[in-house]
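Put chains B and C on the given structure of chain A with help from the hints.
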Amino acid sequence: MKNYVIKRFLLMIGTIFIIASLTFILMHLIPGSPFEQDRQTSAAVQENLRAFHQLDQPLYIQYFSYLKSIATFNFGPSIASPDTTVNELIGRGFPVSFELGLWAIGIALVSGLVLGVMAALHHNGLLDHLCMGIAVLGISIPNFVLSTLLIQEFAVNLGWFPAATWRTPMHMVLPVAALATAPMAIIARLIRSSMLETLTQDYIKMARAKGLSPMRVVIRHALRNALMPVVTLLGTLMASILTGTFVIEKIFAIPGMGRYFIDSISTRDYPVIMGTTVFYSTILVFMLFLVDMAYCLLDPRIRLHHHKGQA
Amino acid sequence: MKPHEQDLFPPEWLQPAIRNTGDLHNTIERPYVSYWQDAWQRLRRNKLAMLGLVFLLALVSMAIFAPLFSPYSATAQDLRNQNLPPSALHWFGTDDLGRDVFTRTWQGARISLFVGFMAALIDFVIGVAYGGYSGLKGGKTDAVMMRIVEILYGLPYLLMVILLMVVMKPSLLTIIIALTITGWISMARIVRGQVLQLKNLEFVTASRTFGASPGRIIRKNLLPNTMGPIIVQMTLTVPSAIFAEAFLSFLGLGIQAPHASWGVMTNDALPVILSGDWWQLFFPALFISLTMFAFNVLGDGLQDALDPKLKK
Amino acid sequence: MNTLPLLEIRHLSIQFRTHGGHIHAVRDLSLAVPPGQTLAIVGESGCGKSVTCNAIMGLLPQQTAKITRGEILFKGQNLLDLDAKAMRQLQGNRIAMIFQDPMTALNPTLTIGEQLTEGVIRHQNLAPNDARRKAEQMLSLVGIANPHERLGQYPHQLSGGMRQRVVIAIALMCEPELLIADEPTTALDVTIQAQILDLFSQIQAATGIAIILITHDLGVVAQIANQVAVMYAGQCVESGSQRDIFYHPQHPYTQGLLQSVPRLDMTRESLRPIPGQPPDLFSPPPACSFYPRCPHALVVCNKVPPKLTTISHTQQSLCWLQDLRTRSNLSACL
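Protein chains in written order, with my numbering: chain A, 1 to 311; chain B, 1001 to 1312; chain C, 2001 to 2334.
Next comes chain A alone, as it looks inside the complex:
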């Protein structure tokens, strides 16, 4: 198992490195980059930029200093808000985004599993069609569309929840709902098909033939095996939740990192774009790594793969 962990860890570092390099290349080698000529910024800002990114130096030195700054998590000053550094923006926004994302994935996981398992257990029955109907709708309505609909209905028309910002738990309901719906639907569909397949396996018949209660058969025997594909998918889901936070934060005016990211896109605040991109990617890749570890724990075949000699 150690080999597996090490391999995934190295892969993670490699991926971050590639993303950082790609970002660097994109920002520098494509014409029109602000590092070459900047129209709207003052001399002071230009000076700041030049100093931090060492724009006077040849490209490869810039590259290395860039890598160094990434490794030390120091992304330099922002263009649009010259008094703040990118790090400060991240520090301010990330905890909010993280909270939003965490709630979303938590709710998506729990409700998705419940929905999908119930559907599988009532295969071809009314409950099955109902749950799967909800699920297809969930993946078909884009989250930004859903957000606007939720605001329209629950905030404007019914007035149950506030439409913007992030102050109280009531504020969290609509944004989390909008963000969690699609992942919930995906999880539900996946666990349903995985359960259906698992339930046809011989060891399930064997468990039933032992006289175990249906609940135990489903949870202890079926679910443990059916969860594998869902765990595999968790990584991709986290990526989509992450990108989902961009729009959700914009629509609901939530002061998270996503909103700074979106704003920086419209203002072409390149240091912020670069810094947040690399930061996001790092978080994501790290989450994927954690998911790989979880997978390893769940499946004894992988855990013991490198201890083959015991049969």
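Be a bit skeptical, because a hint or two may be false.
[Said to hold, decoys possible] Here are the simulated EDC-like pairs of lysine to aspartate or glutamate, each with C-alpha atoms no more than 16 Å apart in a straight line: (1) Lys-2134/C with Glu-2114/C; (2) Lys-1047/B with Asp-1304/B; (3) Lys-2303/C with Glu-1012/B; (4) Lys-2307/C with Glu-2008/C; (5) Lys-2066/C with Asp-2028/C; (6) Lys-2066/C with Glu-2044/C; (7) Lys-2075/C with Glu-2008/C; (8) Lys-205/A with Asp-2101/C; (9) Lys-2134/C with Glu-2175/C; (10) Lys-205/A with Glu-2149/C; (11) Lys-2066/C with Asp-2083/C; (12) Lys-7/A with Glu-1150/B.
[Unchecked claim] A few chain B residues facing chain C, derived, Cβ under 8 Å: (13) Glu-1012; (14) Trp-1013; (15) Leu-1014; (16) Gln-1015; (17) Pro-1016; (18) Arg-1019; (19) Pro-1271; (20) Phe-1282.
[Unchecked claim] Cβ-Cβ distance ranges computed for the label pairs, FRET-style: (21) Arg-2133/C with Arg-216/A: 21 to 27 Å; (22) Leu-298/A with Thr-1141/B: 32 to 38 Å; (23) Glu-99/A with Thr-2068/C: 55 to 61 Å; (24) Ile-302/A with Pro-2273/C: 52 to 58 Å; (25) Thr-2064/C with Gly-106/A: 37 to 43 Å; (26) Pro-1214/B with Ile-302/A: 32 to 38 Å; (27) Phe-9/A with Ala-2194/C: 19 to 25 Å; (28) Gly-106/A with Phe-2282/C: 47 to 53 Å.
Keep in mind that the hints were calculated from the coordinates and are not lab data.
Note that the Cβ used here is the ideal one computed from N, Cα and C, for glycine as well.
Frame of chain A, contents of chains B and C only:
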């Protein structure tokens, strides 16, 4: 031997039976149905999938013809008729610049469908070429190619797309490029998986002994047999491409004003919600959702139809 | 010997509902298993033997399977009258079942120990430590070395033959009175097959457990069966002791089966498979199901369904050829 037992059967019944032994060797055959016909029949039975198919056909026709026949232009502004609710003159109402929402919706349909289909097509071409070649060659080449794919797969898709759009000038072309830069990976994996299964079968080996080039083997032998999963994948790529385009437009990175794309329309409609002009948001939102829904149920239906081992 | 049978099936009929119609999988089946003995159920694929055993265990798919007639009496109690909860008291406890493929019969994510002990903990309220000790004993009983280590291992770490032994051990944990084995050796090598069958004999001698063994392999029947039931197209066409079936087969189907098994001392010409296919069970044949393939069929065989004929106190046959009425008339004609 009791008397009544004797008369139980007429004596001729106790003779050996004469049967046509030819019947024994005639097994009842079902009428021959090809794989595709079988799949089509199964698809037809899936009412939801057929509904999706019909909707999509209707959508495509409307997208082609509606802007042609509409008396309004999708981009011409008419500031006297701002924010009109749906009426007989403007079936979907007008937006805050007086443009007819109906026409703009179908213009948006054109763009979204175009982007979707192009993305699926390019993913198909690149994916099949890459995956097919990798699977066919096997060995070291395959290992290296798959390593590359694994790393690329680890890059967050939408993040990369956003980044690309930031540096490229947003236009239809650049959007399609951005979407397909990493979108082909799933297709490549599927194709490679199929190829690995098929390449050791005899008809492929036969082709090889005739000196067929890898390209020809892929086209003639492998592709027809892997079309099932490929079609399903393409059907599911389209909605994710449409989603990505709408997402980009929503962020201001996609289609630019005054052109209409569903994402742009949704974005423009946001500030107006609070004042109650619901139709500007409703129609593009409805159509994005319905289109994605239709593609998804069609894709599901195709998957069930082409790979019947699962489910039922 | 007229001891009460441990398990008795009376006039059991089972149908399945499918898209294409109703399949009459089991038709008016009657069987008996004496305590402490092995009954082998022999037949081709699709003859209904697995369905019957699933019915005994209460494992039929509820949505599609319907028991239209009959009783399954276990120690005098009709299992079909029991609700699910009561049935669960018996499953794995008084009646156990093992399946064909050892590679898929064990849960890959649970240890051997967990799978061995969960049944006995549930049924006999054993403490976990006691359960583990019993599990070790059971593993030794079925011939697995190092039982203590094995408890902590996972199925993928064991070979096919060992896995099947584990499956048997699991089935025996609660000391059931009846073991149903659905083709337990089909997926194994011939040498392992012999060992597993030996194991069955040993266990039966030691514990007095009754065994129902499903198989399509007459070699298996020859090795350990006391009683044999031959099934065809959902019916039991002949039943008797092992000796009866091998030395005095009455039903043409049984005779055909015996003749189609290759033996080393046969000449090439004497191997005779039974021509044709089993009938379509969507609409079962109105009279004798074996009629189209039977080399000795009479006209009456296609007109009236045969009745069960008692040949001796151990043997019965479902065939007009043995029926007194036809026999007497036949001899009158000849």
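Against the structure, the hints:
Using a Cα cut-off of 16 Å, the hinted pair Lys-2134/C and Glu-2114/C holds, with the two alpha carbons roughly 12 Å apart. About 13 Å separates the Cα atoms of Lys-1047/B and Asp-1304/B, which keeps this hinted pair within 16 Å; it holds. Pair hint Lys-2303/C plus Glu-1012/B holds up; C-alpha atoms about 12 Å apart against a cutoff of 16 Å. At roughly 19 Å between alpha-carbon atoms, Lys-2307/C and Glu-2008/C are farther apart than 16 Å, so this suggested pair is violated.
Annotation: proposed proximity of Lys-2066/C to Asp-2028/C holds, straight-line Cα distance about 14 Å (limit 16 Å). Pair hint Lys-2066/C plus Glu-2044/C does not hold up; C-alpha atoms about 22 Å apart against a cutoff of 16 Å. A C-alpha spacing of about 8 Å is found between Lys-2075/C and Glu-2008/C, which places the hinted pair at or below 16 Å, so the restraint holds. Among the hinted pairs, Lys-205/A with Asp-2101/C is consistent with the structure: their alpha-carbon atoms are about 12 Å apart, no more than 16 Å.
A threshold of 16 Å between alpha carbons decides the hint, and for Lys-2134/C with Glu-2175/C the separation of about 11 Å falls inside it, so the pair holds. With a C-alpha separation of about 26 Å, the suggested pair Lys-205/A and Glu-2149/C falls outside the 16 Å cut-off, and the hint is violated. A hinted pair counts as satisfied when its Cα atoms are at most 16 Å apart, and Lys-2066/C with Asp-2083/C qualifies at roughly 15 Å. Note on Lys-7/A and Glu-1150/B: the hinted pairing holds, with a Cα-Cα distance of about 13 Å set against a maximum of 16 Å.
The closest approach between the C-beta of Glu-1012/B and any C-beta of chain C is roughly 7 Å, which is under the 8 Å cut-off, so the hint is satisfied. Interface restraint check: Trp-1013/B against chain C, minimum CB-CB distance 4 Å, threshold 8 Å, status holds. Interface restraint check for Leu-1014/B: the shortest CB-CB distance to chain C comes to about 5 Å, inside 8 Å, so the restraint holds. The interface hint given for Gln-1015/B holds, since its Cβ lies 6 Å from the closest Cβ of chain C, which is under the 8 Å cut-off.
The interface hint given for Pro-1016/B holds, since its Cβ lies 6 Å from the closest Cβ of chain C, which is under the 8 Å cut-off. Here the hint on Arg-1019/B is kept, as its CB sits about 7 Å from the closest CB of chain C, short of 8 Å. Hint status for Pro-1271/B relative to chain C: violated, with the closest Cβ pair at about 52 Å, above 8 Å. The beta carbon of Phe-1282/B is not positioned within 8 Å of any beta carbon in chain C (closest approach about 42 Å), and the interface hint is therefore violated.
Hint check: Arg-2133/C to Arg-216/A, Cβ distance near 23 Å, so the stated range 21 to 27 Å holds. Take Leu-298/A and Thr-1141/B: their Cβ atoms lie about 33 Å apart, and the range 32 to 38 Å holds. The hinted window of 55 to 61 Å between Glu-99/A and Thr-2068/C holds, with their beta carbons roughly 60 Å apart. Between Ile-302/A and Pro-2273/C the C-beta distance comes to about 47 Å, which lies outside the given range of 52 to 58 Å.
Between Thr-2064/C and Gly-106/A the beta carbon distance is about 38 Å. The supplied range of 37 to 43 Å therefore holds. At roughly 34 Å, the beta carbons of Pro-1214/B and Ile-302/A sit within the given window of 32 to 38 Å. At about 50 Å, the CB distance of Phe-9/A to Ala-2194/C disagrees with the hint of 19 to 25 Å. Between Gly-106/A and Phe-2282/C the CB atoms are about 51 Å apart, so this pair conforms to the stated range of 47 to 53 Å.
Violation of the numbered hints given earlier is confined to hints 4, 6, 10, 19, 20, 24, 27; the remaining hints are satisfied by the structure.
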